[in-house]
Amino acid sequence: MEHIQNYISKLQQTINGLPRQRIADVIDVLQQARTRGSNVFIMGNGGSASTAAHFVCDLAKNTRQEGLPHFKVIGLTDNTAIFSAYANDEGYENVFAQQLANLIQPMDVVIGISTSGNSINVINAIEEAHRHNGITVGFTGFDGGRLGQIVKFNIHVESEIIEHVEDIHLMLEHIIVSTIKERTRAEAKKAAPLPQIPVSAVSS
Amino acid sequence: MQTPLRISLFGGGTDFPAFFLEEGGCVLSSAIDKYIYVTIKQRFDSKLRIGYTQTEMVDAVDEIHHELIREALHLTGINRGVEVTTMGDIPSEGSGLGSSSTVTVGALHAMYSYLGELVSAERLAREACSIEIDILRKPIGIQDQYIAAYGGLRFFEFLTSGEVRSEKVSVSPEAQRALNQNFMLFFTGVSRKSSSILQEQSSKMKDRLSELREIKEMAHLARQELTKGNIDTLGVLIHQSWEVKKRLAKSISSSQINEVYEAARRSGALGGKLTGAGGGGFLLLYVPYECQEKVRTALRGLQELPFRLEADGSKVIFNYRRT
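So the protein sequences, as listed, match chains R and E.
My numbering runs 476 ahead of the 1-based position in the first sequence.
Quick note: the second sequence, position 294, residue 291 per my numbering, numbers continuous.
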């Protein structure tokens, strides 16, 4: 029981310390990408691979709104054939960067998720993104690692407990998607005032 | 920016504010896979370059002759240092495919994207209406702006309050296939400005209330039949609706167009109509597949435009900015 209580209260502490402004910045970056028609790429390893896939699903599906552009979001963790082909032939450190090289356009958004911030395949992909003038985002934990230093927007989870970092990365994804969903609804409702045409002007 | 043109199927005329603000109106129309493309690009200098069938190079927005682009620039607040060009899949004037509103929606959408602002289809449509009707005083309805912004096969209701309700008409995959197969478009060879016809139509509106009410009823009926999957009934209804519509203004049809239409009917077309205000432009026909060759032969001399219905509204298809 003590461990359970401990887990919960420590997790709560870490959540309280989340960089809210940085999360808001990433939400803006994503909304702008949607407006431009830019792609969004998401990747990670292990638990972070599952968060990446979850993020892709939510961002693509839950933000859809009739009359507004959809997100063009692509996961780099989910095609086993291409993933293993690059791992086998080019080395595991290149599995994301090589996929990205085929698809990336300037101003696309590339999101790397790594609890340590030191996953070399994620770092290589972020560097590939920078070579193509992509906008890079990191979800990190521990001391942020190299990923935290090189991305344009780093959302750092102040914790050295891997489970907590992974929990909160998933939560970040949900905060981002649900905020975008809310904004999307509000935007769809917002409309310019109705044309006011004096009936006499057209029927006389 | 890629913005679709449209075929108006039912209800044209009831989308005029003078009518729907009194009685309520509705239309059934569909976007098609023919488009107007609008590009916008930053310039090195502060001039404004507008490219269409002509090229304009000016220093201030007010000097622009292309009125739709001029007013879209005014509305979005862009006043210097851009090039805006338009390209279309069809002749630029008098096609009856809603091109002027399509240009307005596409230009607004391109400009907002250039500014990095996310705007809804609803807002694009309303602002396009505001440019064309409030500011430029065009004697037009408000269906084209909405279908260009939203895309798809849609039923719009125009309420007396001024509110517009947009509903995607759900058709089965089989019905969708049949629609794509059975519709044909022919260019009548006559390009006309819609404004003179619409002016006549507007001026007679008070005497044509019973026709407009009938057209509105048929639009409701057509939507029901479509949802039920009774596609061929739609063809027959288009014929009936066109017969009523011709009574709205003399200039809507001409003896030449009536002859072409009758020839198509004799060859197996169940129904048809001019796609826009009338007078010329494109002739839409509903022809069961087995009669299509016969209709083509009967109408040889008129250019056919193969097309399909389009699901998407105005959208960014390419954006290449490094800053």
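Hint data in this document are derived by calculation from the structure and do not stem from the laboratory.
Any given hint could be a false lead.
Unchecked claim - If we take Cβ atoms under 7 Å as the criterion, some of the chain E residues that face chain R in the derived model are:
{"id": "1", "residue": "D30"}
{"id": "2", "residue": "T52"}
{"id": "3", "residue": "A57"}
{"id": "4", "residue": "G113"}
{"id": "5", "residue": "F304"}
{"id": "6", "residue": "L306"}
{"id": "7", "residue": "V313"}
{"id": "8", "residue": "N316"}
Using N, Cα and C, we set each Cβ at its ideal position, and we do this for glycine too.
Item to complete: Could you tell me which of the numbered hints above are not met by this structure, giving the numbers in increasing order?
Response: 1, 2, 3, 5, 6
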